[in-house]
Every structure is written in structure tokens, then in C-alpha cells.
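Chemist: Sequence:
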Amino acid sequence: MDPAAIALALAGLFLAGIIKGGTGLGFTSCALPFLVPAVGLPVAMTLVIAPALATNAGVALGAGHFRDTARGFWLFYVATLPGIVIGLSLLLSIDRAIAVRALGACVIAYAILAVVKPNLRLAPGLAHKLQAPLGLTNGIIAGLTGSQVVPLLPYMMSLGLEPARLVQAINLSVMLSSIGLALALAWTGIGSEFVFKMSMLAIAPAILGVQLGSRWRARMSAERFRKVVLGVLFIIGVSLIAR
Numbered sequence: 020m021d022p023a024a025i026a027l028a029l030a031g032l033f034l035a036g037i038i039k040g041g042t043g044l045g046f047t048s049c050a051l052p053f054l055v056p057a058v059g060l061p062v063a064m065t066l067v068i069a070p071a072l073a074t075n076a077g078v079a080l081g082a083g084h085f086r087d088t089a090r091g092f093w094l095f096y097v098a099t100l101p102g103i104v105i106g107l108s109l110l111l112s113i114d115r116a117i118a119v120r121a122l123g124a125c126v127i128a129y130a131i132l133a134v135v136k137p138n139l140r141l142a143p144g145l146a147h148k149l150q151a152p153l154g155l156t157n158g159i160i161a162g163l164t165g166s167q168v169v170p171l172l173p174y175m176m177s178l179g180l181e182p183a184r185l186v187q188a189i190n191l192s193v194m195l196s197s198i199g200l201a202l203a204l205a206w207t208g209i210g211s212e213f214v215f216k217m218s219m220l221a222i223a224p225a226i227l228g229v230q231l232g233s234r235w236r237a238r239m240s241a242e243r244f245r246k247v248v249l250g251v252l253f254i255i256g257v258s259l260i261a262r
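Residue numbers (our numbering): 20 to 262.
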């Protein structure tokens, strides 16, 4: 990573923080589309780990109902971990361009889901049965692309959870997946020591961005800004697929 690439990556993390603070969208999903063109997918996946943990841990652990959320979705969370290993194994064995296109597809799906907010509903019995296979799938996609929202987001949206519980369940999944992804990246050698150190340094601009975005939220039309951001993410997702 040359100085220009590092500067672009830090700027992307700062911008992703502003977007998360201003709209409540997921940090990783906002950061990866900006990071991948600058530093490539494997480096981007490593860089985003520490900032993602820093921006998600507070919501995951401090929103209340932690034990109930962990108990209710433990099967999904646990199944994600072997999926991450499988996904990283795929990343090591296939053309990286395929993984980047898969990331583009995830970004597009995330943007569409966030705009449309489909009224999905799963019966409780079926929802429980799907936890393990969907958790495994989520882990595979996370290991392959770094994105942790598909099928996590549509699955959680289909359960009819209260908004606070929904946000906590998603953030807890992202937090645990980020820890698992960090360990797997180190174990496979995809994540270098230098990039992990850069990821720790990237916490500061990400948190600063979140704080600025949170302040600006009161001064702007949050919903309009959210739609503009999702439109930009959609375009970037298309560009990743077209690369």
C-alpha cells in the first residue's frame, strides 16, 4: 500500500462513518465499495475489521436485551463462523474478479432492500429451522466478499422484530462475524500484520465520521440523504460487477 492508497482508504473509512452516522446504514456495506477500488478486496476486508467492530459493538452490547438476542439467534451466529472459513477458502482459490463481482451484487441487494423495505414474514418454526443454513450462507458470503448483510438483513427483517431489537440482532451478528473474519484472515495469511495495524488506526477517522454524521442528521432530511447514499452504493455495486 503506497501513501496515496492509504490516504484514499482512510478517506473512504471516514466517509463511510459519516454515512453510518447520518443514515444508520451498515458501516461495512458503506465502506467496502469505496475501499475495494483503492486497495483491492483482500486488503479492504482487513482494513474494515477494526472500524466495523468499533462502530457496531456499542449498539450490539449496549442496546439492552443482549442475552435474549444472543439466545434467540445463537444458531445463526455460530453457523456463520465455519461459513467464513469456507468463504475465505473460496477467495483463495478463485479469480478475485469473481469475488469483487459477488461483492457488487451484495451491495446492490443491500441498497434495494434498504429502499424497498419489503414486508417479509417467516413463520416462527420455519425461521428457526433456517437459522443454521442462512447463518452458514451469510458466513460464506462474508468470507468471500467481506459483506455481512445478505442473507442476514432480509432474514432479520422477516421476523417482525421491534426496531431496537432488529438493529441489535443485526449489529451483534456483524460484530461476531467481524471477530471471526479477523481471526480467519490472520490464520489464512490474507490479512497482513501491517494492514491489521492500519485497521486499528482507521478506527479514529471512522468514529469521527460517525460523530459528524450524527450531528448532521438533525440538520438535513435524513431520508433524502439516505436515498442518495443508497443510489450511490447501487451505482458503485454495478461498477464492481462491470469491472
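Keep in mind the hints are simulated off the structure, nothing from the lab. Some hints could be false.
To be verified - Distance ranges between label pairs, derived from CB positions:
no., residue 1, residue 2, range
1, S258, K136, 23 to 31 angstroms
2, P143, G59, 41 to 49 angstroms
3, M219, G179, 19 to 27 angstroms
4, G250, T207, 45 to 53 angstroms
5, Q230, D114, 19 to 27 angstroms
6, G179, I254, 28 to 36 angstroms
7, W235, A183, 33 to 41 angstroms
8, L145, H84, 21 to 29 angstroms
9, S112, V251, 17 to 25 angstroms
Keep in mind the model is a prediction, meaning the values are calculated, not measured. For each residue, glycine too, the CB sits at the ideal point set by N, CA and C.
Chemist: Confirm or reject each hint.
Modeler: Tested hints:
1. A hinted range of 23 to 31 angstroms for the beta carbons of S258 and K136 is consistent with their spacing of about 25 angstroms.
2. In this structure, P143 and G59 meet the distance hint of 41 to 49 angstroms, their C-beta atoms being roughly 42 angstroms apart.
3. At roughly 38 angstroms, the beta carbons of M219 and G179 sit outside the given window of 19 to 27 angstroms.
4. As the Cβ distance of G250 to T207 is approximately 35 angstroms, the hint placing it in 45 to 53 angstroms is violated.
5. As the Cβ distance of Q230 to D114 is approximately 39 angstroms, the hint placing it in 19 to 27 angstroms is violated.
6. Evaluation of the 28 to 36 angstroms hint for G179 and I254 yields a pass: the beta carbon distance comes to about 32 angstroms.
7. Between W235 and A183 the beta carbons are some 23 angstroms apart, a value that contradicts the proposed interval 33 to 41 angstroms.
8. Take L145 and H84: their Cβ atoms lie about 23 angstroms apart, and the range 21 to 29 angstroms holds.
9. Our hint of 17 to 25 angstroms for S112 and V251 is violated, since their Cβ atoms are close to 32 angstroms apart.
Hint compliance for this structure: hints 3, 4, 5, 7, 9 are not met, and every other hint is.
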